[in-house]
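Could you build all of it, start to finish, from the sequences and the hints given here?
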Amino acid sequence: METLKKEHQLIVSVSPHVKSEETTGRIMWSVTASLLPAALMGTYFFGPRAIFTVALCIITAVLSEYVYQKGLGKKITVSDGSAVLTGLLLGMNLPASVPFYIPVIGSMVAVVITKQLFGGLGFNVFNPALIGRAFLLISFPKLMTIWTKPEAAFVKMDALTTATPLGILKEEGAAKLIELFGDKLNLYTQLFVGHRAGSIGETSAIALLIGAAFLFYRGYISWHIPVSFLGTVAAMAWIFGAKGSLFAGDPLIHLMSGGMLLGAFFMATDYVTCPSVKKGQLLFGAGCGFLTMLIRLKGGYPEGVMFAILIMNCFSPLIDRGFKTKVFGAKKETKAKEAGK
Amino acid sequence: MALATFQGGIHPPDKKELSKAKAISSTKPPKRVVIPLVQHIGAPCKLSVSIGQEVKKGEVVGAPEGFVSAPVHSSVSGKVVAIGDFPLSTGRMVTSVVIENDGKEEWTALKDNPDYLALSPDELKGKVKDAGVVGMGGAAFPAHVKLSPPKEKPVDVVILNGAECEPYLTADYRLMVERPADVVAGLKVLMKIVNVTKGFIGIESNKPDAVEAMQKAATGEPNIKVCALEVKYPQGAEKMLIKATVDREVPARGLPMDVGVVVQNIGTAIAVYEAARYGRPLVERVVTVTGEGIKEPKNLLVKVGTQVSDLIEECGGFKSEAAKIISGGPMMGFAMFSLDVPVTKGTSGILVLPEEEAAHTEGFGPCIRCGRCIDICPMGLMPSMLSVLSERGFYEESKEYNLFDCFECGSCTYVCPSKRPIVQLVRLAKSMTKP
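So the sequences go chain by chain: A and B.
Okay, so the first sequence: first residue is 1 according to the working numbering, each after it adds one.
Okay, so the second sequence: first residue is 1 according to the working numbering, each after it adds one.
Hint data in this document are derived by calculation from the structure and do not stem from the laboratory.
Note that this is a predicted model, so its numbers are computed, not measured.
In this text, a Cβ means the ideal position worked out from N, Cα and C, and glycines have one as well.
Every clue listed holds true.
Covered by chain B, per the in silico footprint, the following chain A stretches (three or more residues, Cβ under 8 Å):
#, stretch
1, 10 to 18
2, 21 to 35
3, 110 to 124
The following residues of chain B were derived to be distant from chain A, with all beta-carbon distances above 10 Å:
#, residue
4, Ser48
5, Ala139
6, Glu212
7, Glu296
Subject to a maximum C-alpha distance of 30 Å in a straight line, what follows is the list of computed DSSO-like cross-link-like pairs (lysine-lysine):
#, chain 1, residue 1, chain 2, residue 2
8, B, Lys16, B, Lys216
9, A, Lys19, B, Lys419
10, A, Lys324, A, Lys279
11, A, Lys19, B, Lys295
12, A, Lys19, B, Lys319
13, A, Lys19, A, Lys279
14, B, Lys216, B, Lys20
15, A, Lys324, B, Lys430
16, A, Lys279, A, Lys326
17, A, Lys19, B, Lys16
18, A, Lys326, A, Lys278
19, B, Lys153, B, Lys430
20, A, Lys19, A, Lys278
21, A, Lys324, B, Lys434
22, B, Lys16, B, Lys295
23, A, Lys19, B, Lys22
24, B, Lys20, B, Lys319
25, B, Lys399, A, Lys324
26, B, Lys399, A, Lys279
27, B, Lys399, A, Lys19
28, B, Lys399, A, Lys278
29, B, Lys419, A, Lys75
30, A, Lys326, B, Lys153
31, B, Lys419, B, Lys399
32, A, Lys326, B, Lys430
33, A, Lys278, B, Lys430
34, B, Lys419, B, Lys319
35, B, Lys434, A, Lys326
36, B, Lys192, B, Lys151
37, A, Lys74, B, Lys419
38, B, Lys56, B, Lys104
39, B, Lys399, B, Lys434
40, B, Lys419, A, Lys70
Structure representation (structure tokens):
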């Protein structure tokens with residue numbers, strides 16, 4: 001009988017029997033794609049050296065994940081895109097001019113120590129790319145702060161070096177920074193386009209915003225972390241940003257310089273290391289913003305995004321615990337209990 | 001105006017177009033029916049026939065034992081040829097009565113009672129009970145039990161569940177379009193039984209013709225209101241439906257009656273009407289046979305006890321290799337291991353999925369803490385935490401995350417990008433610990 005023949009082939013599994021098309025791989029590859037505009041702008045401004053650095057980061061990240069998993073006899077998960085994404089993010093967070101061993105060491109620290117040793121994707125406490133960068137910044141402080149002057153040209157190989165806007169802001173003040181760029185409007189324009197010194201992928205605000213818009217459109221990130229992060233930074237920059245007087249700072253300079261936009265849209269929003277509950281994400285973002293400004297205004301480093309996110313990563317599990325969701329119908333139950341007392 | 005709804009929920013493709021336009025048609029009379037003595041939540045029935053006995057259509061073959069139970073009746077006239085353990089679609093073995101159909105369709109004596117609304121609430125409830133009416137949306141909870149709230153829980157609202165939020169299924173939709181007057185009549189009986197003056201019919205707005213038909217049928221009934229609800233799964237879950245239609249929140253672990261509500265399904269309302277008016281027991285129901293794997297999707301009026309294989313044949317057989325056959329909808333239904341199982345009172349649909357539609361998890365990834373499941377959980381739970389705790393064997397700890405408030409709607413598993421079997425892990429934890 002026909003039906004009997006089929007019967008033996010029936011799949012019996014638990015409900016639900018339909019699932020969305022979303023996969024971890026699709027998310028990772030989409031985030032990777034959303035970073036490409038900013039990475040391309042970085043290449044445009046910092047030359048072929050930028051591509052070389054980013055590519056080296058990605059290749060090392062993928063290879064070290066593969067070798068680690070192969071060596072320990074684990075399932076190879078390179079195709080889920082998360083190692084590529086980590087490599088890309090790390091690359092975008094490096095100055096273009098670093099020698100070749102910098103990306104290699106950074107990627108290995110990111111993938112092997114920060115991610116795999118903690119149990120692999122989903123189990124890492126810290127953002128791997130940021131740990132990679134923090135490790136490099138602490139181990140090679142000099143190499144990590146040589147900033148190529150953006151030239152928008154592929155011809156000149158012996159690039160000039162210069163300071164980042166945040167560095168100038170820290171050492172010489174806002175007036176000097178505006179002076180260097182001519183006027184305020186030109187400063188904003190250059191920051192917006194990305195024509196300034198900095199890490200490869202962090203400079204172009206417009207390119208980062210395009211990528212972020214794509215992530216919002218796809219529903220891969222929500223507004224909670226970026227808005228609370230950037231909002232806190234803007235508020236603190238406005239209130240405390242100017243030396244000597246309150247409520248006179250320039251929030252736009254702070255929002256568009258350093259790793260601010262790259263951090264707020266693409267790194268603080270990392271699923272694994274940020275809180276899962278939306279209300280908790282507001283606190284997380286505000287914490288990132290507060291620490292960033294604390295470091296920028298009072299700390300030893302000109303830039304604080306990286307350390308701010310890493311510090312807040314520690315609190316993610318705690319925040320999730322504190323902002324545990326309310327079960328449907330719970331409110332009335334407590335009210336009824338109170339009324340009964 | 002924003003449509004009434006609840007927090008959370010998902011939007012799976014509804015696939016109702018496959019069977020939506022197919023008017024309800026009767027199946028060929030089955031040669032034999034297998035009538036399980038348990039078709040409801042509650043105590044099994046006591047066998048009341050013996051092998052060789054001639055039975056008429058509507059005759060009791062299993063009598064209820066205890067209050068939470070419902071009698072089962074023969075759906076054909078004919079001869080009892082076997083009594084034994086047969087599997088249900090869930091795989092559970094249940095004592096069942098096999099009756100050979102003589103094709104005469106001879107009913108037991110039924111009494112038409114056009115004046116049924118003049119009966120007392122208790123008499124009406126008795127009729128519902130005797131007719132073996134159970135919730136026909138899938139859970140199959142005896143209707144008369146829901147209609148007997150204790151004194152300290154006064155009920156003031158009856159809601160009919162016309163959401164039919166499971167993808168693919170169109171049985172309730174067809175009933176609302178084809179028999180709206182009977183639905184309203186059933187609702188009126190229900191309202192009379194629990195003595196309330198407020199009746200609601202909640203329907204998802206992707207069925208505008210059903211909304212219209214029900215509104216038309218309810219004109220002149222000032223106490224009955226038809227509510228169009230946002231299209232969102234699980235809109236038809238009792239607690240979500242109550243929240244959407246009357247904006248009351250059933251307390252956690254509570255019952256609808258805690259907020260003064262009784263919810264019944266559309267098919268149940270018609271069964272209640274037929275019981276009250278004609279004294280007709282529940283022996284047939286509408287089943288949607290659908291899915292990409294069936295040649296000709298249909299909404300069939302099926303005698304309880306008909307084999308699923310007969311329904312497949314009725315719909316032209318399989319289109320391609322059928323990979324998975326589900327009793328009920330794709331979100332909460334059971335995958336069947338055999339086609340030789342009977343349709344019961346709670347069978348709302350038979351869904352045939354080919355290989356490419358049947359999402360079965362061969363492997364799954366770690367939780368990446370994306371929070372999608374937390375955002376969409378209609379119960380406000382943290383399924384990601386439940387799944388992680390259960391996976392590691394921390395069953396007790398999972399109770400801190402309200403394990404037992406989960407009603408297993410499957411929304412979390414649907415959205416999970418790591419394809420984690422969250423519902424299954426929740427069930428595991430539930431079975432390993434006590435509330």
